[in-house]
Amino acid sequence: MPAWQLIAPILLAGAIFIAQQQGMSLGVLHRGLQFLHSPVYWVWQGPGALMEKAALLWQGKQSVLLENSRLRQDNLNLQAKIQVLRFLELENQGLRTLLNVGEDPQTHFVAARVLRLDLDPFRQQVLVNKGKKEGISVGQPVVDAGGLVGVVLEVAENTSRMLLLTDPHFAVSVQSLKSGERAIATGNGGGGELRLNYVPRTAPFVEGETLVTSGLGGRFPAGVPVGVITSIQHDINARFALISVRPTAELQKLRHVLFLQEKSTPQGEG
Amino acid sequence: MREKRWHKIVFLILGCYSFALCTVCPLPFELQSYRPLWVWLFVMYCAQTLSPFFNPCVACGIGLWMDSLLGVPLGQHALVLTTLAYWAALWQKNVPWYWQWGRVAVALGFGQGLLVGLHSLSGYSMPEKYWLGVMVSSALWPLFAWFCHRAGSFFFQPKIAMSYRNK
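In order, the protein sequence lines correspond to chains A and B.
With the working numbering applied, the first sequence covers 1 to 270.
With the working numbering applied, the second sequence covers 1001 to 1167.
No wet-lab data here; the hints were simulated from the structure.
Heads up, the beta-carbon is just placed ideally off N, CA and C, and yes, glycines get one too.
A couple of the hints might just be wrong.
What the hints assert, rightly or not - Under 8 Å between C-beta atoms, here's a sample of chain A residues computed to sit facing chain B:
no., residue
1, 8
2, 10
3, 14
4, 37
5, 39
6, 44
7, 72
8, 113
9, 117
10, 123
11, 125
12, 154
As the list claims (entries may be wrong) - With beta-carbon atoms standing in for the labels, derived distance ranges:
no., chain 1, residue 1, chain 2, residue 2, range
13, A, 23, B, 1110, 55 to 65 Å
14, B, 1114, A, 43, 28 to 38 Å
15, A, 218, B, 1017, 20 to 30 Å
So that you can see chain B by itself, here it is in the shape it has in the complex (with noise of 0.2 Å):
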């Protein structure tokens, strides 16, 4: 009764608002460079979970919006995005998620790299502390995998492999 495609819908939309809300709330100036990339987390840990119906083209999709959201030229978000959520499916049940903080942080270094070069092929300068980010959200995976795994069971029965004992 869990399994329904509505369910999935319900808790992707919901999702990406929540975190799209965490990520344009006002932040001390100081603070802004440590603020995780909540968006990101929730694309790969959805491209775990509720593959196949969540597939890089729905986070290509995702990926348009955030940048409409965060007012950067189009398609920047959406190739960063398409890439983790290709990259992180291919994870998909093989190592449990508290394991998985090494293979985010490397997936998310390569978002923000991308992301990086994009900027500077649209005319902008590479700020000092732009990877901050990438580290503090490379942290919080395992708590933020937890917290999903826990909202996400009240829609659909999440996929992603929770130890040892579920390989």
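The following block holds chain A by itself, in its conformation from the complex (with noise of 0.2 Å):
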């Protein structure tokens, strides 16, 4: 086998490699590869919508008797909460309009399926199955019924992965919903928990606290719920707390999940 055959692959690989590394911009490449491995994902959601079928069929007349009465019963509850919520926020806007200052984005949600999850303790992503032509773009925030899931990475014509929050690339600027104070959330790789960073040993944290987006920096909204304070350990020679945070939505049991996509963009700040 000639040379050039294992030293051109290897300098091509190694040159894309470090390309990447620098931050170098491959899209013309990475939307090939992406439309080359689309009919992987393609072929894989289909068991997985006869599955979902299936496990309709198998549940019987009964039980969804049951369930739907259950749904109905949740949705009279979340129509009430929706009233009030709709008068309080028609207070705030009158409010906000009163103090001169801008709206605040009316946000809408776009619901996907999740076709791969990864829980790798290296790499804990998940690709589902909305892409760019549903709008889904990059540094989009997503979230599930219990809170904070993540954030877009990379979007194809009709998939896209996102990074959790739980991967160690990940961070949020989070607050408590006690005592309003701010700290960033990072993933924890494997563990399937955040910690929080540099927070000073005097800092108010309590263990058992909810702590939700503090929407600083823009890119997630406020008041998002991230995760539920689960230890605190002072270390005498450490200055700061080492503090755990178990994240409110179930990672492990991810099947559907929600994009966040404002309507407006906000004129000033609250």
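Assemble the dimeric complex from its two separately framed chains, guided by the hints.
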């Protein structure tokens, strides 16, 4: 075998790897490769949808009726909550107008089904079945019924890949619901948890406290639940406290997610 | 009649997509470390049976495709698969496939080591059970090669040495 057949691809792969490490954009190559591997997930989506339908058939009429009545009850409760929230929203808008502050952006959701969940210790990513066609863009926040799930990392025509909040490369500004104290939460990889970085030992965080996004930085809207503090360790020799946070989103059982999309951009900060 | 070039291309594409599906199919969290390196094995098989049509340049392309599929920085699998394809092509016809599991274990171990090194360069830490996939894949190699040999014989005449008699 001629030596160039080994050297040429090694040089090419090495150059691509280094270029990406240096932050160079390889958009065309990425798009081409995404187009080539999209049939894999297209095929993968079929059996998943079939299994969901089969599971529904197996459930039987009685359990479907029970679930239906539970969902009706949930719907009623949620409608009541929406009425209260609508009143609060109107009041909030009125106050903002009085204070001459810009309106909050309106948010709407795009639901997507999880195609692949990578909970590898060094790569915590999810692939979902919505992409550019549905208006998904890089950097968009993703939530589930529990709270923040992650952020969109890559978008292809029909799929998109998102970084889970437990990935070691993920960071989000959070604040305590009780004290309003702010901190930066980062993913912890394999443990499926987050940790709060550079929090002084005197900070008023307590176990069981809920953390929400602070809205600082503008990437995530304020008030989205992120996690609950599970442990706080104070080491005498360390300057900072060691705080672990369990995500409120059910990452292990993730099947559907919601992309947050803002309808309008904020005119100012509240 | 079986040695047409497009037969090999169809076999290669079908194999790549099938084993990529096996690579991305969900597994319980505890079993993920035991997942065989399907596409790596397939590349090693093709390097031995489809040569000179299948060369390290093709393996490099498959590697880039794998990088994109798995969402890791481009170039990692490309480097590993290029090396593996070259290595495997050197054994071509020298050793029967069921005797190759030791060599396969060494090659896959080398590839995994290279991948872990590249992961570290990208800023990731090395997981504990990273080597289990190599062990499972090496153990599966004779069965895997036999299966590919059977499937491949529908498309072309595989050139891999099947027994000592073929040598």
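Cross-check of the supplied hints:
Taking 8 Å as the C-beta cut-off, the interface hint given for residue 8(A) holds, the closest approach to chain B being about 7 Å. Given the 8 Å rule on beta carbons, the hint for residue 10(A) holds: about 6 Å separates it from the nearest Cβ of chain B. Look at residue 14(A): its Cβ gets to within about 7 Å of chain B, closer than 8 Å, so that hint holds up. Interface hint status for residue 37(A): upheld, as the beta-carbon distance to the closest one in chain B is roughly 4 Å, under 8 Å.
Look at residue 39(A): its Cβ gets to within about 6 Å of chain B, closer than 8 Å, so that hint holds up. Contact between residue 44(A) and chain B, as hinted, is supported at the beta carbon level, the nearest pair being about 6 Å apart and thus within 8 Å. Because the closest C-beta pair between residue 72(A) and chain B is about 32 Å apart, greater than 8 Å, the hint is violated. Checking residue 113(A) against chain B by beta carbon gives a least distance of about 13 Å; that is not within 8 Å, so the hint is violated.
The beta carbon of residue 117(A) is positioned within 8 Å of a beta carbon in chain B (closest approach about 6 Å), and the interface hint is therefore held. Proximity of residue 123(A) to chain B holds as hinted, the smallest CB-CB distance being about 7 Å (cut-off 8 Å). For residue 125(A), the interface hint holds, since its Cβ comes within 8 Å of a Cβ in chain B; the closest pair sits about 5 Å apart. At a threshold of 8 Å, the smallest CB-CB gap from residue 154(A) to chain B is about 7 Å, leaving the interface hint in force.
Under the hint 55 to 65 Å, the C-beta atoms of residue 23(A) and residue 1110(B), about 29 Å apart, miss the expected range. The supplied range of 28 to 38 Å is met by residue 1114(B) and residue 43(A), whose beta-carbon atoms lie about 30 Å from each other. Against the hinted window of 20 to 30 Å, the Cβ-Cβ separation of residue 218(A) and residue 1017(B) comes to about 41 Å, which falls outside the hint.
Violated hints, in rising order: 7, 8, 13 and 15; the structure is consistent with all others.
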